[in-house]
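Just so you know, the sequences run in chain order S and R.
In case it helps, our numbering puts the first sequence at residues 1169 to 1282.
In case it helps, our numbering puts the second sequence at residues 832 to 946.
Hints may contain errors.
Said to hold, decoys possible - Okay, derived cross-link-like pairs now, DMTMM-like style, lysine to aspartate or glutamate, Cα gap no bigger than 20 Å in a straight line:
| hint | chain 1 | residue 1 | chain 2 | residue 2 |
| --- | --- | --- | --- | --- |
| 1 | S | K1269 | R | E913 |
| 2 | S | K1220 | R | E934 |
| 3 | S | K1269 | R | D832 |
| 4 | R | K888 | R | E934 |
| 5 | S | K1269 | R | D902 |
Calculated directly from the structure, the hints in this document are not laboratory data.
Chain residues, written in single-letter form:
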Amino acid sequence: DAKTTQPPSMDCAEGRAANLPCNHSTISGNEYVYWYRQIHSQGPQYIIHGLKNNETNEMASLIITEDRKSSTLILPHATLRDTAVYYCIVRLPPINTNAGKSTFGDGTTLTVKP
Amino acid sequence: DSGVTQTPKHLITATGQRVTLRCSPRSGDLSVYWYQQSLDQGLQFLIQYYNGEERAKGNILERFSAQQFPDLHSELNLSSLELGDSALYFCASSVGHRDNAYEQYFGPGTRLTVT
């Protein structure tokens, strides 16, 4: 599996957009990019995923560069409840036996400030 | 609420003992995953089961074992416990082999403390 690199921490003002970068320069052609977040010691929460195209859902937007070597998670209007550790991971499609073995790195601790 | 349940929420036990952690996946999910999260090692993948069969194995110690039952719930057995096994243990589930979606839904975790 490709490894990802994320900044250890970021701050964002409440109400502003939070842009969380992730580098995955060794990603292979069929690996998806997934984002999860973990608030305190709760179970990680799925946010969004994508392969090549940009994606948007009710929680966030995912922008993947054309070469797929990096991506950005965008929380359009950050709130205090978005303070969490955000994990970017890449993984193979579920059909691949090893897809589930993807590890979560250290992630980015996002602190949303009033 | 992710729909994944884990019991117990907290567990305190002594070194050398054996414990069993239980996970019930979301309704309809066939895959179950176990993760260990300790302070110094982040979230580590242990093992995955799909529809009762082991599908992938990560850095799971030989003292640990798991199984998935016909009703799809799963148990993680930890034996000969050591102080270093103290951690949060998360279970996650996903639908299975959909080729373009792999959303995992995590349970609230079991906090294991070995004294």
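Hint by hint, here is what the structure shows:
1. Pair hint S:K1269 plus R:E913 does not hold up; C-alpha atoms about 24 Å apart against a cutoff of 20 Å.
2. Between S:K1220 and R:E934 the CA atoms are separated by roughly 17 Å; this keeps the pair inside 20 Å, and the hint holds.
3. Between S:K1269 and R:D832 the CA atoms are separated by roughly 24 Å; this puts the pair beyond 20 Å, and the hint is violated.
4. Distance restraint check for R:K888 and R:E934: the Cα-Cα separation of roughly 19 Å lies within the 20 Å cut-off, and the hinted pair is therefore satisfied.
5. As the CA atoms of S:K1269 and R:D902 are separated by approximately 23 Å, the hinted pair breaks the 20 Å bound.
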